[in-house]
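Student: Take the sequences, apply the hints, and build the full model.
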Amino acid sequence: MDQRVAPFASMFGLNTDLLLNCLQGLSESEARQCLPGGGNSMAFLAAHLADSRYFLVERLGNPLSNPLARYLAQARSISDIREWPTLDEIRSAWLAVSAHLQDALAALSAAQLSEPNVHRFPLGDSSRLGLIVFLAQHDSYHLGQVAFLRRQLGKPAMSYARRGQSSE
Amino acid sequence: MNSIVSSVRAEYLRYKALAEGGVGQLSDAELFVSGPGGGNSVAVICWHVADNLRSRFTDFLTSDGEKPWRKRDEEFHARTVSRSDLLAHWERGWAVLMETLSGLTDDDLGRTVTIRGQPLLVSEALHRSLAHISYHVGQIVYVARGLRGDGWRFLSIPPGQSEQYNAQPNREKPAAHAAGIPRAGGGHQV
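If you're matching them up, the sequences are chains D and W in order. Per the numbering used here, the very first residue in the first sequence carries number 1; after that it's consecutive. Per the numbering used here, the very first residue in the second sequence carries number 169; after that it's consecutive.
Note that these hints are calculated values from the structure, not bench results. C-beta atoms are modelled at their ideal positions from N, C-alpha and C, and glycine is treated no differently. A hint or two may mislead.
FRET-style restraints, in silico, Cβ to Cβ [said to hold, decoys possible]:
{"no.": "1", "chain 1": "W", "residue 1": "K235", "chain 2": "D", "residue 2": "A110", "range": "33 to 39 Å"}
{"no.": "2", "chain 1": "W", "residue 1": "T230", "chain 2": "D", "residue 2": "R82", "range": "54 to 60 Å"}
{"no.": "3", "chain 1": "D", "residue 1": "S27", "chain 2": "W", "residue 2": "R284", "range": "47 to 53 Å"}
{"no.": "4", "chain 1": "W", "residue 1": "P236", "chain 2": "D", "residue 2": "R76", "range": "46 to 52 Å"}
{"no.": "5", "chain 1": "D", "residue 1": "L95", "chain 2": "W", "residue 2": "T248", "range": "39 to 45 Å"}
{"no.": "6", "chain 1": "W", "residue 1": "E259", "chain 2": "D", "residue 2": "P36", "range": "29 to 35 Å"}
{"no.": "7", "chain 1": "W", "residue 1": "Q286", "chain 2": "D", "residue 2": "S27", "range": "44 to 50 Å"}
{"no.": "8", "chain 1": "W", "residue 1": "K235", "chain 2": "D", "residue 2": "Y160", "range": "44 to 50 Å"}
{"no.": "9", "chain 1": "W", "residue 1": "G278", "chain 2": "D", "residue 2": "D88", "range": "40 to 46 Å"}
{"no.": "10", "chain 1": "W", "residue 1": "E198", "chain 2": "D", "residue 2": "P156", "range": "24 to 30 Å"}
{"no.": "11", "chain 1": "D", "residue 1": "R82", "chain 2": "W", "residue 2": "K239", "range": "47 to 53 Å"}
Tutor: Following this line, the structure appears as C-alpha cells:
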C-alpha cells in the first residue's frame, strides 16, 4: 500500500470497528430515535456513513453494489426516508464496503492517488488522495456524533475494542 | 514541496470553522448545557480539544505528545467560564497546532514522534489528530444543533438542498467552506 494512503486505511479500519461498537446493544427503535432538538438518528448516520464509503469505492474505481441505496436513493433528508434498513442490514452493508474499501485502497498506485479526482468535491487537494482524506475526516465527524447519540440514549460509552481482540 | 502539510492544515481549519459555526449560534448559557444523558457540553468538548492540541503539538517533533503537565481528566469536568475565556482557551490550543504546522514540510512526514511512548510517523500522528478533532467537532455541531432546534443555521448542506449545493462545488474547498460558515454572536473568525 502506498505510504500516503496507509494512515487512512488504518483510520478507516478503526472507524469500521468503532461504528459497530456504537451500534452494539441498540434496538431498532432506539437506532431510529431522533432526540430532542432534532438532528439525525443513529440509524440515519450509520446508513449515511456506509453510503459514503460506497461512494468512495466507486470514485476510486472499485464500485460495489450498495444494498442501502434503495432506502436512501430518493431521500434528501432523514424525513424523506419511508422505509428503513434494519440494523443488521446496515451492519452487513458496512462490513462489506469496509472490507472492499481496504482492498481498493491497497490497490491504488502512487500515480492513481495523484490523479485529479472526478467528482463534485474540488478539495484543497484535488487528487484522489484528497478525496480519501476528506472522506476519512467525514467518517470521524459523524462517528463522533453516533458515539454522542449512544450516550444520549443511556447506553454505555462507545467501546474502543477492535474486532478479534478481547476488550478489557 | 509542501502540499500534504498544507492540505492537512486546510482540513484542520475546515473543522475549526465548523466548530466555531456551532459555538457562534449558542447563547453564553447554552455553551455550558450538558447533553441529555449526561453528555459533554459544547464548552467541555472545546476545552478538551484545545488542551489536546496544546499537549500534542507543543514541541511536537522533540517531546512526547502526552505532556506531563496535561490533566486530561479535568478537561471533562463541567465548567462555567465566560465565552471570551472559553474562546481564548480554544485559540491557545489551535495556535500551538498552527505554529507547529507552519514549521513542518512534507519532508518531515516520515519522521517519528511519540504519543504516550508509542512511536508514530509524523504523517500518522497528524492524521490521527485530525480524525480526533473531526470526531469532536461532529459532537460540537450535533449538540449545538440540538440546542438551537428550528433556529439552527446549517453549516454544510441544508436538508433538501444538495442539488443547489452541487451547482457551487467550490464551497467544498476548505477555505471557501470555512469562509461561508455563518458565525453568529461571537463573530469569531478563523
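Student: If you check the beta carbons of E259 (chain W) and P36 (chain D), does the distance land in 29 to 35 Å?
Tutor: With a Cβ separation near 31 Å, E259 (chain W) and P36 (chain D) satisfy 29 to 35 Å, so the hint holds.
Student: Can the suggested window of 33 to 39 Å be confirmed for the beta-carbon pair K235 (chain W) and A110 (chain D)?
Tutor: Holds: the Cβ-Cβ distance is about 36 Å, inside 33 to 39 Å.
Student: Honestly, do S27 (chain D) and R284 (chain W) meet the 47 to 53 Å range at C-beta?
Tutor: At roughly 37 Å between Cβ atoms, R284 (chain W) and S27 (chain D) fall outside 47 to 53 Å, so the hint is violated.
Student: Do T230 (chain W) and R82 (chain D) keep their Cβ atoms within the hinted range of 54 to 60 Å?
Tutor: holds (57 Å)
Student: Confirm or reject the claim that E198 (chain W) and P156 (chain D) have a C-beta distance inside 24 to 30 Å.
Tutor: holds (27 Å)
Student: Could you say whether the range 44 to 50 Å given as a hint is met by the Cβ separation of Q286 (chain W) and S27 (chain D)?
Tutor: violated (37 Å)
Student: Taking the beta carbons of P236 (chain W) and R76 (chain D), is their distance inside 46 to 52 Å?
Tutor: Given a distance of about 50 Å, which is inside 46 to 52 Å, the answer is holds.
Student: Can you tell me whether the CB distance of K235 (chain W) to Y160 (chain D) sits inside 44 to 50 Å?
Tutor: Hint violated: Cβ distance 22 Å, outside 44 to 50 Å.
Student: Just to be sure I understand the hint, the distance between the Cβ atoms of L95 (chain D) and T248 (chain W) should be within 39 to 45 Å; is that true here?
Tutor: holds (43 Å)
Student: Could you tell me whether the CB distance from R82 (chain D) to K239 (chain W) stays inside 47 to 53 Å?
Tutor: holds (49 Å)
Student: Kindly confirm whether 40 to 46 Å is satisfied by the beta carbon distance between G278 (chain W) and D88 (chain D).
Tutor: Given about 42 Å between the Cβ atoms, the range holds.
The structure fails to meet hints 3, 7 and 8 from the earlier list, while all remaining hints are met.
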